[in-house]
Amino acid sequence: METALTYAGYAAAVWLFLIGLYGVVKARHLVNLCLSLTVVQSSTYVLLTIIGFRPGLPAPIYTDGLLPGSAAVDPIVQALMLTDVVVEATVIALLLAIIIKVHRDARTADPDRVDMMRG
Amino acid sequence: MKRNWRILLFVAGAVGIAFLFAIAAGPLIHPRDIRNQYAAAINSATFAERNVTDTVSAVNFDFRGFDTLGEEFILLVSVLGSLVLLRMIEDRKGKVLRDALDEWRDVGPSDAIRLWILAMIAPKVAFGIYIVTHGQLTPGGGFQGGVILASAALILYLGEGFTVFRDVISHPATEIVEGAGALGFLFVGMLGWIWGRPYLTNVVPLGKAHELTSGGTIALISLATGLEVAAGFILLLYAFLQENLSPVEET
Amino acid sequence: MIYLQIVTLALVVASGTIVALNREVAGQPITVSLFGLILALMFMVFQEPDVALSQIVVGAVGLPLMILLAVAKLRRDEQTMQREKAREKAPKERE
Amino acid sequence: MPLAPLPIIVPLTVAAVLIIAGKHLHRRILDSVAIATSATVVVLTIILTTQSAGGVIVYWFGDWLPLSPSHFPIGICLAIDPIGAALASLAAMLVLAAFTFSWSYFKSVGALYHVLMLVFLAAMCALSLTGDLFDMFVWLEVMTAAGVALCGYKSEQSQSLQGALNFAVINTIGAFLSLTGVALLYSATGTLNLAQAGRILATAHFSERFVTVAFLFVIAGFLVKSATFPFHFWLADAHAVAPTPVCILFSGIMVELGIYAVARIYWIVFAPGGQPSPETIRWVFLIMGSLTAVTGALYCFGQRHLKRMLAFSTISHVGLMLIGFALLNSRALGGMALYLAGHGLIKAGLFIAAGILLHRFGSMDEYDLGQSARHLAPIGFLMALGAWGLAGLPPFATFFGQLRIDQVGGEQHLWWLRAVTIFAEALTAGAVFRFTARVFFGFGHGKSMLTRGAPHLHTDVETSGQHSRVPAFMWAPMAVLILGAALIAVPLRGPADRFSKTFETASVYDAAVLNLKTPPAGPEPYQRPSPAHRASDWWIPLAVALVAFGSVWGALFPKSRESAFAEPVRAGLSKSLFVLRKFQSGRVGDYVAWFAFGIAAYGGMLLLLH
Chain A
1 METALTYAGY
11 AAAVWLFLIG
21 LYGVVKARHL
31 VNLCLSLTVV
41 QSSTYVLLTI
51 IGFRPGLPAP
61 IYTDGLLPGS
71 AAVDPIVQAL
81 MLTDVVVEAT
91 VIALLLAIII
101 KVHRDARTAD
111 PDRVDMMRG
Chain B
1 MKRNWRILLF
11 VAGAVGIAFL
21 FAIAAGPLIH
31 PRDIRNQYAA
41 AINSATFAER
51 NVTDTVSAVN
61 FDFRGFDTLG
71 EEFILLVSVL
81 GSLVLLRMIE
91 DRKGKVLRDA
101 LDEWRDVGPS
111 DAIRLWILAM
121 IAPKVAFGIY
131 IVTHGQLTPG
141 GGFQGGVILA
151 SAALILYLGE
161 GFTVFRDVIS
171 HPATEIVEGA
181 GALGFLFVGM
191 LGWIWGRPYL
201 TNVVPLGKAH
211 ELTSGGTIAL
221 ISLATGLEVA
231 AGFILLLYAF
241 LQENLSPVEE
251 T
Chain C
1 MIYLQIVTLA
11 LVVASGTIVA
21 LNREVAGQPI
31 TVSLFGLILA
41 LMFMVFQEPD
51 VALSQIVVGA
61 VGLPLMILLA
71 VAKLRRDEQT
81 MQREKAREKA
91 PKERE
Chain D
1 MPLAPLPIIV
11 PLTVAAVLII
21 AGKHLHRRIL
31 DSVAIATSAT
41 VVVLTIILTT
51 QSAGGVIVYW
61 FGDWLPLSPS
71 HFPIGICLAI
81 DPIGAALASL
91 AAMLVLAAFT
101 FSWSYFKSVG
111 ALYHVLMLVF
121 LAAMCALSLT
131 GDLFDMFVWL
141 EVMTAAGVAL
151 CGYKSEQSQS
161 LQGALNFAVI
171 NTIGAFLSLT
181 GVALLYSATG
191 TLNLAQAGRI
201 LATAHFSERF
211 VTVAFLFVIA
221 GFLVKSATFP
231 FHFWLADAHA
241 VAPTPVCILF
251 SGIMVELGIY
261 AVARIYWIVF
271 APGGQPSPET
281 IRWVFLIMGS
291 LTAVTGALYC
301 FGQRHLKRML
311 AFSTISHVGL
321 MLIGFALLNS
331 RALGGMALYL
341 AGHGLIKAGL
351 FIAAGILLHR
361 FGSMDEYDLG
371 QSARHLAPIG
381 FLMALGAWGL
391 AGLPPFATFF
401 GQLRIDQVGG
411 EQHLWWLRAV
421 TIFAEALTAG
431 AVFRFTARVF
441 FGFGHGKSML
451 TRGAPHLHTD
461 VETSGQHSRV
471 PAFMWAPMAV
481 LILGAALIAV
491 PLRGPADRFS
501 KTFETASVYD
511 AAVLNLKTPP
521 AGPEPYQRPS
531 PAHRASDWWI
541 PLAVALVAFG
551 SVWGALFPKS
561 RESAFAEPVR
571 AGLSKSLFVL
581 RKFQSGRVGD
591 YVAWFAFGIA
601 AYGGMLLLLH
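Residue numbers (my numbering), protein chains in the order written: chain A, 1 to 119; chain B, 1 to 251; chain C, 1 to 95; chain D, 1 to 610.
Just chain A, same shape as in the assembly:
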């Protein structure tokens, strides 16, 4: 049963990665392109979650009841994700700011019509 969960999580991560990329490739609007990136990013969260999860073990918070130092789920992947969640939000904000600027200059939000850099 635990293996099934791992399979499911892994498949979910792969799916999110590819569907997010697909969203970027076919986006008709710069905002959608940018948001598809968050989907790609969430695929890494799902993957890290699956890697860090230990069936039946509690969260690594040793406050009440949990004996300090006893086995728990993996805290490292959580630390990696925790900072990433906050930081990537600001990166997305930076992208949105660029999009506002690009839209103003190119007078369109269709990524396929913004192509002054050809050749």
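Don't read these hints as lab results, they were simulated from the structure.
Because the structure is a prediction, the values reported are computed rather than measured.
What you were told as hints is all true, and nothing was included just to trick you.
In silico EDC-like links for lysine to aspartate or glutamate, alpha-carbon gap of 20 Å or less: (1) B:K208 <-> A:D64; (2) B:K2 <-> A:D112; (3) D:K582 <-> A:D112; (4) C:K85 <-> A:D105.
Position chains B, C and D against the provided structure of chain A, taking the given hints into account.
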């Protein structure tokens, strides 16, 4: 390239990538013991060595604090980049700025409702501070608490409009807080040098477990991070809000 | 517990797919916020309260707000451009 | 106090202070502080380079040494070897040059420009010094974020930021795939430390398919950053919008750091276990490196905008560096290191020349400028010297580097590599020669057929002050950089050979990082190849010079002589350029499709080529 060709190219690539993922699943599906060694080492070391109950905060601000330093600077640079991009478009200093919400404020809510909205700021700030300062004990810490603190500023905007928000936030001051947060992190890291230990060494007394003062530098770095994250998100909010306002002619 | 976990994974996949494939722009802040909440739920049921808290405050509130404001800004710019275009056209028609 | 973390901490601290105090400081003070900081980092990294010559310097943050009986690392370390430290010092030198160039003349918004550049510097140093896999990813992201912010920096002018958008999107996606790879590797080895991961992969016997895929995913973000085929599209777009000082860093060092990271990850993590097999790595990267070198050179010759031309030339040279890595030989790697240093300095000098043209004439377009720069002959002379260096001709470091790579290629019976080298170097240098000859010396009439269809970009003036003269703050760093690329060559040859051997020896690195009790035998002493062997490749620079001269002549005087030989060559080149230009579409969707396809292609090759 035509769109169809592009999609074809992508689908070919995506099928390949899916295949690559499929053949790389082995160690994940059938884990070996070595996978757990880092986690186990950290889980047992955190409480014993640092008197901290939230292991994740300990990893973030102590064991792998150098990563977090990098992440903080991603945040800082992205915020500054957004400010550069958005701020230059128009200079609207000193002008009265209004948006759709302002019209609602004019006719809609009575002072009582506005008071209610503003009254929510206090618990929100308190909650944010709680989350920032209790990161070493319970889930939370500078990153989460910082965002909560920033959302208190959002309430200020909802209640009082952009002009008041701008005056309270006063953009240069917030930028200074942002820099101070980053500098605080760097400075706490340097404390180790005074004791002749490596950078980011936890040299502050570790305190008693389950108490607010536990964890030494973990709590301090969490605090600095909280400042920086809060200021960063407020600045982003400020920049994006300002984009949506039009200056009014003063009559 | 394990069924709950599988269900949340399915929800994550479904909402992520919606975000990636949605052609609408106006509705995106809502879908992204929903996606953020579901991710937070997933972190919760996989014993990651720290990440869940982080995801709730950022993914369900902070990020959608930025998106909302950016989309609103794009629409305002669009309107300004159309007005300018109309103004450029107008004198020609009179002639 | 050990110096190890200072190249990272010092610029970050100054950046944080400038955020707080920068608004109230005079522009000259800001510039002086920034120059002083980067000069300090140059000194620090040079000291670190010499110190690490005695052995890898290891520095554990937070005093978290590896656990004592098991040697298991739980913290993050800097692991500094001479090559990494030298790379950091190259980065610091280029930042110093960039700050000097932008002295007071470059339009600046408060202190933000200085803050972003200093954070960029810290990230480059951290990436070249760190010994932790996730840490590499973090600093890669810092570089991306700072780079994007610096691209958008000129945004008060009406310039499209589309290049910045392409840069941000494709690099972010690459970084996510890298993170996925790091996660997969962690799922198997349970560690994020480079040395420890390498040791576990060497002993734990994971399936070769898994290790191959993990390798590919981990390096994906760095391959994108290094702008190798087919992930190279974003680089030219980013250069077109980036201000000149930022271009110096993009072309001179950021892209090369991608190659460095690939080499570092391969040699420490994957080489000890022998998976993917060295033979596979060699062929895959030889193929991709050659493709990068050839396409980059073609694109480069087909440009009329100087910055874009130089950007494509960077792509081509990165391809040559990738070949240097792919030969999996310490002499070739030493050659690559020499080449990297020489190329970084020369390219930075050439970008300063572009900045000078923009400052004086408000344009960087070959045909718009016409012969307007004829009275700036000294600058033109320096630029021609730079092109000479790009061609890999003596006495530049690129010459010695390329010679090593070609010699090793000859030893491995890969004779066709010389054709790739000659083609890439001749065309990239030829393009710059052509530009110089036309703009500075007034040669040539008529437009070259090969630049037909090249974008005609408008570039906004980015400097203020008197535009009628070229301040010393601009031409002096250019002269120093280009002459420096020649002066470093001879003294650096020996160390490059010796320390590339250290770079490739994972056992020494592991022993230092993990504090292993029984230090394994050091790297076998480096042996110079016999002089007879070395002499055999001296004809290559001559061939490069001849081909470059031919290409320049053909491009400057298109109608002069319709020879039976030149015409088919010209037609062939222009046809392949016509096709290539379609791929360089400027649309980020296309680039992402190429990314997916490229990753799948890499994967296919890594799995199938044995």
